[in-house]
Amino acid sequence: MNHFLQNQWSASLQQLKQDKGAMVGLSLVLLLLFIGFFAPWLAPMDPYVQILEYQKKPAGFKGNILVFSGNPNIQGDNFVAIQSFKTLEDSIHYVDLLDRTFTAHIHELSGENETDWHKTPRFWLGTDNFGRDILSRIIFGARISLKVGFIASTISLMLGVLLGVLSGYYGRWVDTLVMRFTDIMFGFPALLFLIGITAAFEPSLTVVFFAIGFVSWPSMARVVRGQVLSVKKQEYILAARVLGLPDWRIIVRHILPNCLAPIIVAYTMGIAGAIMAEASLSFIGLGAQPPTPSWGAMINYGKDFLRVAPWMSVYPGLAIALTVLGFNLLGDGLRDALDPKMKQEFR
Amino acid sequence: MLLNVRDLKTYFPGRKQYLFSKPEQIKAIDGVTISIEEGETLGLVGESGSGKSTLGKAIVNLVTKTGGTVTFKDFTDEKRWSNSGKIQMIFQDPLASLNPRMTVGNAISEVLKYHRIVPKYKIMLRVKALFRMVELSPDLIFNYPHQFSGGQRQRIGIARALAVNPELIICDEVVSALDVSVQAQIINLLKRLQVDQGIAYLFISHDLAVVRQIAHRIAVLYCGRIVEIGRTDEIISSPMHPYTQALFSVASESNSGSMSMISTEVANPANPPDGCHFHPRCPIANNSGNFIEACASIDPDLNEKSGGRMVACHQI
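Order-wise, the sequence lines are chains A and B.
The first sequence runs 1 to 347 under this note's numbering.
The second sequence runs 1 to 316 under this note's numbering.
Hint data in this document are derived by calculation from the structure and do not stem from the laboratory.
Treat the hints with caution; some may be incorrect.
Result set (DSS-like, lysine-lysine): computed pairs, CA atoms no more than 25 Å apart in a straight line [unchecked claim]:
1) B:K113 / B:K86
2) A:K233 / B:K16
3) A:K233 / B:K122
Excised from the complex, chain B in its bound form (with noise of 0.2 Å):
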């Protein structure tokens, strides 16, 4: 086991509603437990607002941590690996990712020389070589980030992970802001990369194309809670919770409108539904307005189905 996230809790503080109140708590992660075998990529699927990004950002730190604990290699000391760089994470917008003020060749030289990952003369020999390695001209070492595509910056971006010997990269959203043809590119780009050096990955994103292509296995994130998890091939043939299946008809145009959410208003993490935080857009717990006493009142915990496939719903 590569990386161990057990009952993960993130609150952020929110609005204050009288002066001395307390500030209501805004549960962007609301104990979620995963786990990512070695070379293995789990895609984390969910709407905007469900917290995706933030679990990506609290299991590298980036984000204080309310509850649970994040395990690295049998290692349960975060100090012992949170500096060492052995996650990296990826982010959405390739060019906000790269300092405008230093040469792409400098970005990735820098962190060589703080990490001494490589003896001081082998250091632009290594940078070449990572260009080299996400399939850029090391040539281009000397430019500024600007002077790149988006498809280009991306690949930087990865080189400069790539650079401290990464055993997990955590990608948030990557391709999102990338056109389709490029988007295949970095998706071939970042498997070729898993093959070679055994890469895990935490791909985040909210496009099910994009994260089937990639991902061994899909978790499904709604309201700081996983809901779903199982093999890609599984739940992409047959998504079993609620939400997922109105996700995947969403996805898909062929099948659109048989089986959608009532309403499309995401639950509020500040003052999440009570019971399942889905019920009152499930179309199972939803009879014309009156909900399923269990949905409406008692959380649903993470239940193995078959196989390492867990769902958390009371009607499956």
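Just chain A, with the same shape it has in the complex (with noise of 0.2 Å):
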């Protein structure tokens, strides 16, 4: 007891160095928040560029494509797939993937310098229907997921602490009350539950921030309260209010500082379901909307070429598997890191 209690987070980081699951997890989670801060550097191409010639290519794909400057009120470039070209003086001749031969001067290229309007870019994870490229998606994608991920459970945090807390310190009624509201909310199936508030909202991801929120706080709600109810029975708690120190200062100087564990456990796997949830969401067209590169869009694109182009879906289903299994094991080793009682129990 007082071994644990000397260096209690400096023992729990030790234990989390040595779980290797939690390890595995906390570089999954690390890898994902570097991609998504760094996705416009690290993507190989513009994830919204549409190279039609290319549809449905397979993985691995070598492209072949000049760059036109088109106007640049409407939109940005325009990429065509050749199969050759050769430079005469001012202008260019190339061959288009239907063998046909175009001319065209060499100022409607972009850019001066070969490299500049003339790219041989690989296609490492194929490309979907409207020839984009997969890989810088699933690079875009992890922004989403992980906004979608923290905002969530953030929300669901915010109103699970409250709710709990106020549940588990004043009980009676106020407990009751929340209580069978969380019941209640545990009784109807999540996603149903997603579906009929996304649908009531004209669809986007301000909206999926918000339902997932308010769908997934009655779990935190619950933890916090159990565990409101053991540190408020614990005496530092009785001689602060014998003292005299009002409710909300217990609470907060007191209390929660002593709940954290379970609420820093509770906060990861949440935002592993929260981004399990948009997946889901957005796979039914309820998340968000084309043409932004989430994963689960990215899957529902993909699902009507199954037979033809499986890598449309199979590579951004494969992103929210890791990155939920990250988020999961980082939490399952926090949980036995942090809460060494329920290891005992449970192992």
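Using the hints, put the two standalone chains together into the complex.
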């Protein structure tokens, strides 16, 4: 007991470091955070650019394209897939994929040097049915998943902690009210509830953030309530009450700091759940709207071409699986590290 | 009169026998009347389960009272004093009574800040002064509770209670978790603080040897009721109630066996025996299975025997 308390956080950190699963999870999460932050620099292509000649190309396909500077007021550059090209002084002759030969003025091309207007990109994970690079879309999709994960879990954290604390600390009718309400929330299938909320609003990611946050707070509230119930019986809480400190101060300064461990675990697990929920919603078309590169939406676009271009769905699916796995492994490890009692009981 | 507790009752809802039946009532405190003078120590003794701790907690409103009144310095309105911290409590487990995530200095300065006991710039000075008051080095205020020994933690608990300048401190088994040598130090500290600052104590303990060192008067609690109350020297030299006699015979080895209880089973406060709660265990009332009629049927009142000495027994 004493030894545990002595280095409670550092001992937990030590144990976390020795937990291989948790370290794998942490690496996956850190990798994802890195990818999300540096998406514009990491992505080989613009995730929105369509090269219609390169629809549904398999993984590793190497393209050969000329970049024309289109009307900048309407859209950026035009990409034209070619078989070969020749430059003659001011003009360029190229053969497109239908063996037609075209001639264009060199000024129509984007940029000055050949490296600016002639590109041979490698589509590492293939292309989708609009000829967009799947790898780039997955890299940008990480941003959406992370945003949903953190924002939705934070909303659920705030609601859950507030209601859980009220329920656990004040007990009586407040507790009954909040807990029966969470029972009702648990009674509904979560996805059905999510569909109901998102369908009621104009579909957008903002709606998804709040919908997932509102649906997932009950489990957080239960965790917090249970923890508050056990902490508030501690003698230091009784002492604080006898000292005449007000309730809010007892809650903020004395109860919450001693409830942190399970809250951190629930929050980490909640992120995985929120990412999953966003993917589900986007899959059925209620989440991110086209052309936003959301992983769930990408699986949805791919499902019609599963026979001819399975990579369209498989790679985003893999990205979701790895992300959720990462957060869950980390959450599991955190639980084992922060709450040694749980570990003894369940292992 | 500093504290006046009149006919205090605290019942807890117990088990339900059937789904729709009323829960049985556990009468943890069943009509206790005590008073404490300024600067006095009242020792409260009894076996575990007798309601000692509940009585202390009921006085400071940590458990809800079912009935009765608590008057503090002529204020009958509890709200007037219950949040002022004029009655403080120190607990048995000195580690559990300190927030593990707060430095001990913060735990004390928080109280000073909230109650505005000293101006802001004097808070640190006051915290250090309180540490000195409980014979701890003021350099320790930035440490966390786990970095202290048991005796030091209990001193910190006392310092925190002293922060609000209390006039009464309820000491709930404060030395039970400590080594005997440390016990003596804490007892001496409490005595010295009483002399210096005129603080009164309600000293709750199951250990008579400790209580007799500090208490001016002793109240004996059995099954939620006071069975005997009187000056310490009188109670020690001539315990009158058979339960007090039994308690003392258990406590002092020299006297072992001469006056013992019939059974060691403590009365169940959810379903106490009729009449005197003690009669099934009482060596006087119980004559080889036949109980004295009055003891088994009539509740004895707490009657004054001689100058302040009160006993609740039909046979005395």
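- Query: Is K233 of chain A within 25 Å of K122 of chain B, Cα to Cα?
  - Reply: Since the Cα atoms of K233 of chain A and K122 of chain B sit roughly 33 Å apart, the hinted pair is violated (cutoff 25 Å).
- Are the Cα atoms of K113 of chain B and K86 of chain B separated by 25 Å or less? holds, 16 Å
- Task: Assess, step by step, whether the Cα of K233 of chain A is no farther than 25 Å from the Cα of K16 of chain B, and give holds or violated.
- Result: holds, 23 Å
Consistency with the previously given hints fails for number 3 only.
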